[in-house]
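Asks: Based on the provided sequences and hints, a complete structural model is requested.
2 protein chains.
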Amino acid sequence: MHDKLREHIEKIVPLTDKEFAFVSDHFSYKKYRKHQFLIQEGDTVKYHYFVLSGLLKLVYTDDTAKQHIVSFAMEDWWESDFYAYYTQTPATLSLECVEDTEVLCLLLEDYKKLCDGLQKMERFFLEKANFGFLGAQRRIISWLTSNAKERYEQLLKQSPSLIQRVPKSLLAAYLGVSRETLSRLSP
Amino acid sequence: MHDKLREHIEKIVPLTDKEFAFVSDHFSYKKYRKHQFLIQEGDTVKYHYFVLSGLLKLVYTDDTAKQHIVSFAMEDWWESDFYAYYTQTPATLSLECVEDTEVLCLLLEDYKKLCDGLQKMERFFLEKANFGFLGAQRRIISWLTSNAKERYEQLLKQSPSLIQRVPKSLLAAYLGVSRETLSRLSP
Numbered sequence: 000m001h002d003k004l005r006e007h008i009e010k011i012v013p014l015t016d017k018e019f020a021f022v023s024d025h026f027s028y029k030k031y032r033k034h035q036f037l038i039q040e041g042d043t044v045k046y047h048y049f050v051l052s053g054l055l056k057l058v059y060t061d062d063t064a065k066q067h068i069v070s071f072a073m074e075d076w077w078e079s080d081f082y083a084y085y086t087q088t089p090a091t092l093s094l095e096c097v098e099d100t101e102v103l104c105l106l107l108e109d110y111k112k113l114c115d116g117l118q119k120m121e122r123f124f125l126e127k128a129n130f131g132f133l134g135a136q137r138r139i140i141s142w143l144t145s146n147a148k149e150r151y152e153q154l155l156k157q158s159p160s161l162i163q164r165v166p167k168s169l170l171a172a173y174l175g176v177s178r179e180t181l182s183r184l185s186p
Numbered sequence: 000m001h002d003k004l005r006e007h008i009e010k011i012v013p014l015t016d017k018e019f020a021f022v023s024d025h026f027s028y029k030k031y032r033k034h035q036f037l038i039q040e041g042d043t044v045k046y047h048y049f050v051l052s053g054l055l056k057l058v059y060t061d062d063t064a065k066q067h068i069v070s071f072a073m074e075d076w077w078e079s080d081f082y083a084y085y086t087q088t089p090a091t092l093s094l095e096c097v098e099d100t101e102v103l104c105l106l107l108e109d110y111k112k113l114c115d116g117l118q119k120m121e122r123f124f125l126e127k128a129n130f131g132f133l134g135a136q137r138r139i140i141s142w143l144t145s146n147a148k149e150r151y152e153q154l155l156k157q158s159p160s161l162i163q164r165v166p167k168s169l170l171a172a173y174l175g176v177s178r179e180t181l182s183r184l185s186p
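In order, the protein sequences belong to chains A and B. Each step along the first sequence adds one to the number in numbering that gives the first Met the number 0, with nothing skipped, and position 136 is 135. Each step along the second sequence adds one to the number in numbering that gives the first Met the number 0, with nothing skipped, and position 103 is 102.
The hints are simulated quantities; they were obtained by calculation from the structure and are not laboratory data. Mixed in with the good hints there might be a few duds.
Each pair may be met inside one copy or between any two copies, as identical chains are not told apart.
In silico BS3-like links for lysine-lysine, alpha-carbon gap of 27 Å or less [unchecked claim]:
no., residue 1, residue 2
1, Lys45, Lys65
2, Lys112, Lys33
3, Lys148, Lys17
4, Lys3, Lys167
5, Lys65, Lys112
6, Lys3, Lys45
Replies: Here you go:
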């Protein structure tokens, strides 16, 4: 299962076998069932996750207990409540399985050790962070410029497989529309 | 003027005089007047900017020529059309002065030289990228969970100085509301 991680990292930086052994030693494997939580609101966030298989939702729950989907993460994505992780403050988001999910887990201290011990990994995380920022910026532009129908069509174009896998109620909570509105938009 | 850059970087990583001289050598200084463009849509994006003084707006112009503000950047902020900069594709955003503005400019090749030549700078850019991502994520959560009035109040709380400096029409284009709606919200 660590092969997937190596393949993923090597899209950005090549690693020798020795270097990858060093990287791999800092991850631990976990498996979760659908509906299980990796992070619950209020938790101390121990890990930053690399998704090997399955699907996760990162959720913000508002004062009225309504759930808003901040992001989805499937194979090859990294996910966590990153603010809580980096600052070691209680989680304000929850991370929950939409499907049975396998992840590799990275402790904050091990993330730091990887960056300190192997500059290639710092380069890797820098590239991921830069493109993570650009993805979030693209979503902001989509909110500024598009209505619900257009946002749905953009998502359909960008992530067709996500739309196949995710229940309509969760898509609505990601797009910021009601379930009824989404039903009118999607065939 | 490079002192501001040093102070800013040293909030994250300490530098020796020799290291800072190396960093500083990779930046060039430019001054722009209000309404001048640093980047125009369609341009090749040469630089990534550190704002020394003044205020910039990063703008997405839609098919109907309506302007949407993706972000503002003032003192101590980094700004560019980062997608176009990293991928060296034509700019889809424009970057324009809201006030007279002084910047330090960093070429992509110099950004890479800094990261390659001094691991502390790669650490610095990684931290900035991580927190840039978190800022964008916070704005997404704000869009998902808040109405225009609440988004205005959040901005007032987070960036009171921005609200003082930015004309109401630009604030409206940042919050995604009409100028008339904003007038009803703000005293």
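Asks: Hint by hint, note whether the structure agrees.
Replies: Checked hints:
no., hint, in the structure
1, Lys45 / Lys65, "within (26 Å within a copy, 44 Å between copies)"
2, Lys112 / Lys33, "neither (32 Å within a copy, 45 Å between copies)"
3, Lys148 / Lys17, "neither (50 Å within a copy, 55 Å between copies)"
4, Lys3 / Lys167, "neither (29 Å within a copy, 50 Å between copies)"
5, Lys65 / Lys112, "neither (38 Å within a copy, 47 Å between copies)"
6, Lys3 / Lys45, "within (22 Å within a copy, 35 Å between copies)"
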